[in-house]
Amino acid sequence: MKKLLFTLAVVTGLAFFSIEASASYTIDDNQVEALFNSANEASFSIMTEAMDMAPAMAIASASEGSKDALVAILLDFFLGGLGIHRFYLGTEVMTGIGYILTCGGIFGIMPLVDLIVLAINFDDISAYVNNPKFFMW
Amino acid sequence: MPVRNHLFIFFLIICLPFTINSQAYKGKVSVNTTHQIYKKGQLFTVLSTTLYDGSTGSITCHYTSPTEFYKTINTKGETTIYFPKRNEVSFSQNSQYGSDSELLYYFVNNFTQNLGLEKEGFIRNEAKTEGKYYITTWLAPPGVKPVHTVKLVFENFLPIYAEYQDLSGKALKKIYYYEYHHANYFSLPKKITEISYSSENDSTVKRTSFSNIQTGMYLEDARFNFQIPEDAIKLDL
Numbered sequence: 001m002k003k004l005l006f007t008l009a010v011v012t013g014l015a016f017f018s019i020e021a022s023a024s025y026t027i028d029d030n031q032v033e034a035l036f037n038s039a040n041e042a043s044f045s046i047m048t049e050a051m052d053m054a055p056a057m058a059i060a061s062a063s064e065g066s067k068d069a070l071v072a073i074l075l076d077f078f079l080g081g082l083g084i085h086r087f088y089l090g091t092e093v094m095t096g097i098g099y100i101l102t103c104g105g106i107f108g109i110m111p112l113v114d115l116i117v118l119a120i121n122f123d124d125i126s127a128y129v130n131n132p133k134f135f136m137w
Numbered sequence: 001m002p003v004r005n006h007l008f009i010f011f012l013i014i015c016l017p018f019t020i021n022s023q024a025y026k027g028k029v030s031v032n033t034t035h036q037i038y039k040k041g042q043l044f045t046v047l048s049t050t051l052y053d054g055s056t057g058s059i060t061c062h063y064t065s066p067t068e069f070y071k072t073i074n075t076k077g078e079t080t081i082y083f084p085k086r087n088e089v090s091f092s093q094n095s096q097y098g099s100d101s102e103l104l105y106y107f108v109n110n111f112t113q114n115l116g117l118e119k120e121g122f123i124r125n126e127a128k129t130e131g132k133y134y135i136t137t138w139l140a141p142p143g144v145k146p147v148h149t150v151k152l153v154f155e156n157f158l159p160i161y162a163e164y165q166d167l168s169g170k171a172l173k174k175i176y177y178y179e180y181h182h183a184n185y186f187s188l189p190k191k192i193t194e195i196s197y198s199s200e201n202d203s204t205v206k207r208t209s210f211s212n213i214q215t216g217m218y219l220e221d222a223r224f225n226f227q228i229p230e231d232a233i234k235l236d237l
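So the sequences go chain by chain: F and C. Read in order, the letters of the first sequence are residues 1 to 137 in this note's numbering. Read in order, the letters of the second sequence are residues 1 to 237 in this note's numbering.
Simulated from the structure, these hints should not be mistaken for lab results. Only a predicted model underlies this, so the values are computations on that prediction, with no experimental measurement involved. Idealized CB from N, CA, C, for every residue including glycine. Misleading hints may appear alongside valid ones.
Facing chain F, a subset of chain C residues (Cβ under 7 Å, in silico) [as the list claims (entries may be wrong)]:
{"hint": "1", "residue": "36"}
{"hint": "2", "residue": "42"}
{"hint": "3", "residue": "43"}
{"hint": "4", "residue": "157"}
{"hint": "5", "residue": "160"}
{"hint": "6", "residue": "176"}
{"hint": "7", "residue": "190"}
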């Protein structure tokens, strides 16, 4: 029941966003605030883990085990320009380095595209784990 | 004094302020930043302070929560990330993505006409007015698969909305720039909310809020004066 109410609240919140967004080019910040207030403040452990792991991941090759889409998205948000999320997801070392050297960017388009595909495939990011391709999508 | 000289001085006085304003901002700007990311009912909050130095073009970010680290980036794309707790430092260089790729750079220097899209290879396709709004449409360069078009909306010469669309015109991402802070030389949105759509009923919402915006030629802020110890562990990217 709790989950149902929560989902309903989220969907309603997003519906508000859509209605508002289609009506104009502005957004009601109170609705954003309400949505954030309805959320559970995530434990910092996952974020801390992601940020603390970032340097190590930058030099490590792909490690075994399942990858958390949320960690990948957070890394993409904050360190996407450095390709850290690619190292986290696992890729060939040279691919990762090539990515950093050529297609990174703090607010570059590549992290944005990666972010979109990770968000779209949030429930199953297996296609991007240990993906040796230069463009993972 | 001949009339010609009077006219010359007159035009000089008129034109000088415009010349000064058209140059990049040479002072310093510091802001406190709160990043909030909402995804699947969970909210992540990250706090940082950022210093932009107009004389060098470098940007220093001091992330304080949930974990502390520093990130500096200059116009050449030389990036340093330093984790004081772990005493680890990494260096990287990418000439295509320097501090002039940062959003703060565009706003502080009034380069808001395309918010960096042109630099990313986007080509302007259309420009029109819609009531009080001025709208430009940009076509993505080949190879950027999911994104096909970006729509930028301006009000009073300031960007207020950006929409990334796929080939079918479906919105992939919407960005709202609002609650502008007007400084002497530039305007900066105090809030930027991004909604990335992943499916019909799901999205990621990120809001970046700037506060305590300080500007000045001689702005000193001890928060950004950090030294990387000589014994820091270097991580090669």
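Provide an ascending list of the numbers of those earlier hints which the structure does not satisfy.
4, 7
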